[in-house]
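So the chains spell out like this:
Protein chains: 2
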Amino acid sequence: MTYQVPVDDIFAALKTAANLDARMAAGIYGDLDAATLRAVIEEAGKFGAEVLEPINREGDKHGCRLVDGKVVTPPGWNEAYKAFTEAGWSALPCPPEYGGQGLPEIAQMAVGEVWNSSNMAFGVGPLLTQGAIHALMISGSDELKSTYLPRMVSGEWTGTMNLTEPHAGSDLGELRSKAVPQGDGTYRIFGTKIFISYGEHEMSDNIVHLVLARLPDAPQGTRGISLFLVPKYLVNADGSRGARNDVVCAGLEHKLGIHGSPTCVMKYGEQDGAIGWLVGTENRGLNTMFIMMNQARLAVGVQGVAVAERATQRAEAYARERRQGSALGGQPGVMVPIIEHADIRRSLLTMKALTHAARMLCYATAGEIDAAHAATDPAAKQMAEMRAALLTPVAKSFSTDIAVEVASIGVQIHGGMGFIEETGAAQHLRDARILPIYEGTNGIQAMDLVGRKLPLAGGAVVKAYIEELGQGVAEIAGSNRPEFGTMAAKLQAAVGALGKATMWIGGKLQSNPEAAMASATPYLRLFGIAAGGVYLGRAAVAAARDGDGAKAATLARFFAENILTAAAGLAETVTGGGDVVLETTADKLGA
Amino acid sequence: MTYQVPVDDIFAALKTAANLDARMAAGIYGDLDAATLRAVIEEAGKFGAEVLEPINREGDKHGCRLVDGKVVTPPGWNEAYKAFTEAGWSALPCPPEYGGQGLPEIAQMAVGEVWNSSNMAFGVGPLLTQGAIHALMISGSDELKSTYLPRMVSGEWTGTMNLTEPHAGSDLGELRSKAVPQGDGTYRIFGTKIFISYGEHEMSDNIVHLVLARLPDAPQGTRGISLFLVPKYLVNADGSRGARNDVVCAGLEHKLGIHGSPTCVMKYGEQDGAIGWLVGTENRGLNTMFIMMNQARLAVGVQGVAVAERATQRAEAYARERRQGSALGGQPGVMVPIIEHADIRRSLLTMKALTHAARMLCYATAGEIDAAHAATDPAAKQMAEMRAALLTPVAKSFSTDIAVEVASIGVQIHGGMGFIEETGAAQHLRDARILPIYEGTNGIQAMDLVGRKLPLAGGAVVKAYIEELGQGVAEIAGSNRPEFGTMAAKLQAAVGALGKATMWIGGKLQSNPEAAMASATPYLRLFGIAAGGVYLGRAAVAAARDGDGAKAATLARFFAENILTAAAGLAETVTGGGDVVLETTADKLGA
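Those protein sequence lines, which keep their order, are chains A and B. 1 is the number of the first residue of the first sequence in this note's numbering; add one for each residue after it. 1 is the number of the first residue of the second sequence in this note's numbering; add one for each residue after it.
Honestly, the hints are just simulated from the structure, not real lab data. Every value quoted in this text rests on a predicted model; they were computed, and no experiment measured them. All C-beta atoms in this analysis are idealised placements derived from N, C-alpha and C, irrespective of residue type, glycine included. Everything hinted at is true.
Here are some, though not all, of the chain A residues that point toward chain B, as calculated from beta-carbon distances under 10 angstroms:
1) E174
2) I194
3) G221
4) G257
5) L328
6) P332
7) L348
8) H414
9) G451
10) E483
11) T521
12) F558
13) G569
14) G577
15) L582
16) G590
All chains should be built: construct the whole structure from the sequences, respecting the hints.
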């Protein structure tokens, strides 16, 4: 079956979690109205279904090849990218002063969901170009901006991010690539970078690499890293494409998933050095990178939502079609569609509820980013920024963890056919598996949440957020709708458990930070389900108010009665499970 | 790193869960003593590490090819199989009267774990041959036995199981393959079977297919299915290989994992009918098949343990080697092995604890099978049989669910490298993903547990088992060891939750069976963690008694304080989460 953009679900998330109506009324979104936003998302859905999805399976089968230093992307990739840029999709969220359409983060999230549902291996490319544009906007000189941004916005040129080196994945402090100043404002870059998505290809006329490297006199560690722009082709004074720069793709990785996305080993300066330009301040490259990575992390969370959504749609279609077994109490010997079996419906409801909860978390984060962007009052700006900072690791990790879970359930619903690649269900699992890893592993996200985000404003940011969840629960309890079942009680227990676990972690951060870190992963999961559950419940209240609440109530109630039931146990794990982890040192673990 | 057979862990499971010492003392295992058993397992470990593991990755890369009707298995496959049979491994669990070594189920489980840890795609073959031997032992005529068993036991000939047809996966009642009696004691078989593992290959001189089909006058549904033996090559009167039978491999599946195992579409009777012989009684083929499948289900559970074990060993080796990040409170800028990070140790402990709990469940089941086999007292035999019947769906499902989880954590521990196929971690996830599906999906196992196994002996079987778990908890609580942390309390709560959920399900089976089925999957998980947790705790008590309890205590405590914490929530889900599933009928689910 073909992908259907879940525009109603996206709007429910925008309204409930991103506070769309109030923010539109407050003028945050300028002259963008809801009808236009919906039209954009629907149009994206058409493009995804008609252009990107048809090449998805071929992309998976063929993968990419490195031929004489050139990367050959899968059949249809070049054409699809051309159509993508011609339709203006690459320009959508970009600054109008460089030719962009200036749509806000929420719109970019929504269309990003569509690209990645239709074809995640394709979606990786625009995601990274957006990241590079973002980094240049934050820190690039006017000259770099005017030289590169218009063509990156139009999509004629694409962008990459070059962080990882063979010996240093997550630990950027250890990176060794060198940048040697030439005295003319340029630098020569030397080094090897790995895991560079779309590091080399022929889809665009040029590739703008953003590369982390060290200056000769740079301090050790993360405070001695600078960011450089290194184009594949130099740019002539008139803006035309010039000579080839000293950067090559030395290899492609053979990966578990996203085969259509070339993952390159990039070598800079194999000859006399790749020519690069400093982006931002010397030795402060990580600052830019981190701002950009935060947004990229959210975009990866949305990739998780996207793959989970696609896996769910595929599994539901199969469950409605495939006949197997007779219904309990039904006519013996008459096979029914497997969706008639309660266990299959439990699986489908799990997929839907997890996916939609994750979507809520992502849009909640995107809404705060937009609010921060638009805010004129510095206090309001800071509050929104801090809220976004708090939610980003949760949105990234929860959404990508559930993407793997949901895709795996999707395989299971297909039975034996799920294990056959032609079916398409297995690809979602393979594709999804990178999501908890890249842009900072989910373990790192959990430590970011606990170590950096909980202490924001002395703990006031998380405190206010949990209070807000509590108000949501009160609203749900107050609505007192019979179709909500025991939802309110479950939510109350879950938010209570989150509060308790947060207090405990806060205390440990003072007294024994390693104990806080040892429980970071179950804490993040607890945060994700509690918040996700409240958003689903609030969406159910809103839908009931609008007179069309059956579906929203079902998802929220299912989530509360079947997934949120884990909350108390997770809080117990957070507060009581870390000691044995700490006591089991590496030598004891193997003994 | 090379696979290391976890012989101590296997013995811990044998002693704690399979009651090895008492059963050996009672003479159940004849003259097999513990030292011999350990030597067999260690020898198997050597064979696995030296012969099967070295061809595992190649098998994954090359997969199988169908060339002119012949299946070409991966490089080294034929040689490894030859070495396997020459070393006598195929004969290990087989009846001595046909040349086997007559080792018990527990020994077969242990070596099966080794084959599947070393190379699951290879391990599938012997597993199915064992199943076919088992079916012939149960129901084959003396003539069929004497003609086929000696060569199947020696491994010269291999066996297959042919159940699934394109339109009917789990629902065997719908199968359409036909068997036409020829009046001479033979039948002509016509039909297409799919998902036939090792249905065609050149590793053995002959392939003995066991095929489910219908006689012309057979009743509809599952009561009209007969079992036939259909050899690839007919056998001459002198026992030599005769003419090719009318059975061909018409295609190979392109699968997510176990690429080295050929998954065949088999066509019977494309010409004048494949010649076959009835196994057992007409129309009673499923009885034989189910007895055999029960044992095969346990063997699949062991495959889950095996893949989880291998994924854990790989991840631990990587975590000890890979340096990344400085230790919290350690010297900044000095990268430490990632095992020093608490979050990584939590992941490794999760892998180890889940794997070992699953192993306990599998060996508990195998022990009951052996006890039933050896029992002379009919009541004791029946009790052991029913205990095995109760535990089989739990052993199969829990072990295979955790195999996927553990393999996924293994990928995660490797970070970006985990997504690269060369690393080997991703293959475990791909291979493991079939396990919750084949030999009856885990959803079907859950329904089997709830619908067929809980009602055994009017509920007395499960009641006695849960009481026994309670005694185990009392023993653990009584040992009162400080290194156990809060283990006893967590176990008590978990076994209490299991008891409560079991009562609830038992009531619903009377009043509203569909409600019981709607909660079957979370109930099975609860059963698995509660039982697994008690076994781990009992193993810790035993190890402490033997003076070497540190590792066992760590695993048991970690499991209790971090995994068993889910028990109360699962019981809540079982008793309170099913209503919304039932109420959400197929039409409401999509709305």
